[in-house]
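Asker: Read top to bottom, the protein sequences are chains A and W. Read in order, the letters of the first sequence correspond to residues 1 to 354 in this note's numbering. Read in order, the letters of the second sequence correspond to residues 1001 to 1301 in this note's numbering.
Since the hints were made in silico from the structure, they are not lab data. The structure displayed is predicted, hence computed values, not measured ones. Among the hints, erroneous ones may be present.
[What the hints assert, rightly or not] Counterexamples of contact, computed for chain A against chain W with all Cβ distances above 12 Å:
1) 44
2) 49
3) 74
4) 80
5) 103
6) 116
7) 121
8) 135
9) 137
10) 185
11) 187
12) 308
[Stated by the list, open to error] Calculated pairs, EDC-like style, for lysine to aspartate or glutamate (alpha carbon to alpha carbon, straight line, at most 20 Å):
13) 140/A <-> 84/A
14) 139/A <-> 1140/W
15) 139/A <-> 42/A
16) 27/A <-> 84/A
17) 1033/W <-> 1289/W
18) 27/A <-> 116/A
19) 1189/W <-> 82/A
20) 1189/W <-> 313/A
21) 1033/W <-> 1195/W
[Stated by the list, open to error] Reference excerpt, derived from the structure (chain W facing chain A, CB under 7 Å, subset only):
22) 1024
23) 1025
24) 1026
25) 1189
26) 1193
27) 1195
28) 1201
29) 1206
30) 1211
31) 1217
32) 1296
Just so it is clear, CB atoms sit at the ideal spot from N, CA and C, and this is done for glycine as well.
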Amino acid sequence: MSEARRLLDPRDRGGPAQPLLLVRGLKKHFPTKGRFLARRHEMVQAVDGVSFSLMKGTTLGVVGESGCGKSTTARLLLHLIEPDAGDIVFDGDSVSDPQGISVRELRLQMQMVFQDSYSSLNPRATVSDIIAFGPKTAKKLAAQAARERAESLLDQVGLRPALFARRYPHELSGGQRQRVNIARALALEPRLLILDEAVSALDKSVEAQILNLLADLRRELNLTYLFISHDLNVVRHVSDRVVVMYLGRIVEAGEAEAIFGRPGHPYTRALLRAMPSMDPDYRTEVSPLTGDPPNPINPPSGCRFRTRCAFAEAVCAQATPILEAIGNDHDVACHMMVPGSSHGRADTVAPVND
Amino acid sequence: MVDIAALPPSLALDEPQSAEPRSYWSTVADRLKRDRLTIGVAIVLLLIVALAIFAPWAATHDPLQGSVLRRLKPVGTPGHLLGTDETGRDIWSRLVYGGRLSLVCGITPVLLATLVGGTLGLVAGIGSRFVNMLVMRVVDVFYAFPSVLLAIAICGVIGAGIGNTILSLTIVFTAPIVRVTESLATQVKSRDFVEAARASAAPLPAIIRYQILPNVLGGMLVYATSLVSISIILSAGLSFLGLGVTPPNPEWGLMLNALRQAIFVNPLVAALPGVAILITSLCFNLLSDGLRSAMDIRLPG
């Protein structure tokens, strides 16, 4: 069924080999709220040169600590925040190219589910109105048709329309609200869904139900997911590929199994070691990462992780590591992993064989 | 299998739900209809407004025609149920006619200020940082003066009269309405659901109409209704100072001023215009409270 849909989707342009989303050098520096008439504003380097690609029908997980730029990246993709630099290519059409895809079209094909299920629903609109808003205003559907669309979507996300269409957000539970959020995101028939911590605020049993719903919808509607989360277990469960972000940059990218099985970057390794162990015989006893990430206003020179890295050497402060392949579809931005760099461990680290 | 997540919080699976779609405003109307106090207050207000509109029929005497023989009659005098004033004019007739000017002076400035201030506040709240700064700093200038003083100053410059009273009160009320609307709009704008609406490729007018306005209008309306009573009192104050309506026209503030000398002779009659102001402003305040609770649909109602 999914194969048939993929072939039938009239919006597909480049075929399955062309990435649905290609992001190149995405950058956003926010000016801090300086004093009135301050001569120079300091810049928060929220997202600093992020590049990745997302293949059709797959799920890309984005992990990292709070404040590493995951949510900013999501908002940049939808142009909810204007990027300072970088390009977004959607199924071969570039946003920066005047002949390419417009921001409006991009938003029609790419939708987002927010973390805070309450704040992301208009408290003064019924569930039906919330879902029908997009079709009614962006696609100019008649009120009646938009309402029918909303009801069929409610059905699709597992909420009985007769029971829920007329309710207000405050009359729903957290899981129900997140289902409404998903229905709203699906209302414009997007091809790509950005899930920004979409299940993080839910308790575990509800989280599992929503994850199952998302998996079903992905199959039925042939969706592609960008799954942003700080929960490594969930990311591992849902993702085909994973990128690890630290302080506005990608430090490691690769297939989920490679990242979780053979992490290359010291930060990824620390993150994985910090995961609570399910086996009482192997407790996580020492915290592998101490302190908070450095201030993104004045990030460390060279490798941004060096201030918390046990293996930091002089070269880490001097040169910025770039993403280099250490295996088949497995890239790491760390001097240690590059044979011949002046890092002391560079030649002793065994090459990872994927 | 029963999907637990799909159950409503109350587990009321068979809760009756009509198929008729409901919107926010129809929900608010339903809630208002069930609020007996607010309905009662609204009826009293309608009665006051009707008396003012139909003053020629409701009045028993000519409000301007006095008689030296009938000066300062007490409440309950046959023919003058609410007594007479210092020149022998019928209080009831003057109150009824005075309601015309007092209500116009109470409601019109608030209506105009809500239109002007609400628009400016929305523009400031939704617009860029520069637009916001421009509007709000200009508004701050008006905040530098106490409202009574500002009204007196404006009226003093442009002269007495009902039109000028309305204009000066409009200017006085615009500043706080801009501020209230701006702060509401700024709060709403930063909520995720507005961001979600932007992400759904909806045009800006639709976002303002369906997402921002329903969340701003409530607070704005409630604030504006509470200003009506202040406006009635302020315009009465201006008349009292001789800056509003000019005698011998009947107006509640002016009547209060004229009758103040009679307070030791006939205190009940002297207090009557004040009672009229009190009842009307109390009604507007209660109406504003009722509106507030009807619009906050999260409250049980």
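Asker: Looking at residue 308/A again, its CB stays over 12 Å from all of chain W?
Answerer: Residue 308/A clear of chain W: closest Cβ-Cβ about 31 Å, beyond 12 Å.
Asker: Far enough from chain W: is every CB of that chain over 12 Å from the CB of residue 116/A?
Answerer: Residue 116/A is in fact no farther than 12 Å from some Cβ atom of chain W, at 6 Å.
Asker: Determine whether the non-interface label on residue 80/A survives the test: each CB of chain W must be over 12 Å from its CB.
Answerer: Incorrect as stated: the minimum Cβ-Cβ distance to chain W is 6 Å, not above 12 Å.
Asker: Take the shortest C-beta to C-beta distance between residue 1206/W and chain A; is it under 7 Å?
Answerer: Because about 4 Å separates residue 1206/W from the closest Cβ in chain A, which is inside the 7 Å limit, the hint holds.
Asker: Tell me if residue 1025/W is really an interface residue toward chain A, meaning its C-beta lies closer than 7 Å to one of theirs.
Answerer: violated, 9 Å
Asker: Check whether the Cα positions of residue 27/A and residue 116/A lie no farther apart than 20 Å.
Answerer: violated, 25 Å
Asker: Beyond 12 Å on every Cβ pair: is that true for residue 74/A relative to chain W?
Answerer: Given a closest Cβ separation of 10 Å, the condition is violated.
Asker: For residue 135/A, is the shortest beta carbon distance to chain W beyond 12 Å?
Answerer: violated, 9 Å
Asker: Check whether the Cα positions of residue 1189/W and residue 82/A lie no farther apart than 20 Å.
Answerer: holds, 17 Å
Asker: Grab the minimum C-beta distance from residue 1217/W to chain A and call the hint holds if it beats 7 Å, violated otherwise.
Answerer: violated, 9 Å
Asker: Would the least Cβ to Cβ distance between residue 185/A and chain W come out above 12 Å?
Answerer: Given a closest Cβ separation of 8 Å, the condition is violated.
Asker: Taking the least C-beta to C-beta distance, is residue 1211/W closer than 7 Å to chain A?
Answerer: holds, 6 Å
Checked against the numbered hints listed earlier, the structure breaks hints 3, 4, 5, 6, 7, 8, 9, 10, 11, 13, 14, 15, 18, 20, 21, 23, 24, 25, 31 and 32; every other hint is satisfied.
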